[in-house]
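One line per chain: the protein sequences are W and A, in this order. For any residue, its number in the working numbering is found by taking its place in the first sequence, counting from 1, and adding 90. For any residue, its number in the working numbering is found by taking its place in the second sequence, counting from 1, and adding 2.
Hints are computed from structural coordinates only; laboratory data are not their basis. Note that the structure is predicted; figures quoted are calculated from it, not measured. There could be a bad hint or two in this list.
To be verified - Per the computed footprint, the stretches of chain W lying under chain A, defined by three or more beta-carbons under 8 Å from a beta-carbon of chain A, are: (1) 123-134; (2) 192-203.
To be verified - For lysine-lysine, the following BS3-like pairs were computed, each having C-alpha atoms within a straight-line distance of at most 30 Å: (3) W:151 to W:139; (4) A:54 to W:139; (5) A:32 to W:139.
Think of the CB as a built atom: it goes at the ideal place given N, C-alpha and C, for glycine as much as any other residue.
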Amino acid sequence: AQSVTQPDIHITVSEGASLELRCNYSYGATPYLFWYVQSPGQGLQLLLKYFSGDTLVQGIKGFEAEFKRSQSSFNLRKPSVHWSDAAEYFCAVESGGSYIPTFGRGTSLIVHP
Amino acid sequence: DAGVTQSPTHLIKTRGQQVTLRCSPISGHKSVSWYQQVLGQGPQFIFQYYEKEERGRGNFPDRFSARQFPNYSSELNVNALLLGDSALYLCASTPDGRYEQYFGPGTRLTVT
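Hey, can you work out the whole structure from these sequences and the hints?
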């Protein structure tokens, strides 16, 4: 069975600082990987996805993520965080063809001015 | 294009009651999924429907049921509500042949 671990429950950064949110997955074959963002009281919005090919993927709002098969990781990065990036971030994994993702428990990003 | 819509926005029910939540997918999306999100956790998969057929079911009791209509909208029903059913219920739709999900704003259910 597939699973996702987001080891950091909370991350606090200063505005303008760089950001990296960690995600580790467990799945035998090549997974489909996603990052979603959820603002308070809102649904989830897709930031980026990885299916195959280039292991560095670009997303919306200046985010990027790198797939590392050897480490079973798909970490989310942003070079300079804005106050509006404060939200909950979820990593998700899907076995190819299932159409049903498994979500991590999320990482809450707090941005200090 | 309008996004995924859900109704109602908020709902308060009493233990033992039944509730129906509604979802309209993005136009052209034939797949609808339902998730339960408890505070502080990620979304937990409940059901997925595609072309009115159940394509997947998560680890939820039989008190939870769903259906999809010919216009691809969907309903989630929960019977015999328990306090533990209090959560944000999210609906998501997916374009044909794609894997990313487009989420609605959710229905906040409170069971007292």
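Hints versus structure:
{"no.": "1", "hint": "123-134", "result": "holds (count 6)"}
{"no.": "2", "hint": "192-203", "result": "holds (count 5)"}
{"no.": "3", "hint": "W:151 to W:139", "result": "14 Å, holds"}
{"no.": "4", "hint": "A:54 to W:139", "result": "27 Å, holds"}
{"no.": "5", "hint": "A:32 to W:139", "result": "21 Å, holds"}
The earlier numbered hints are all upheld by this structure, with none contradicted.
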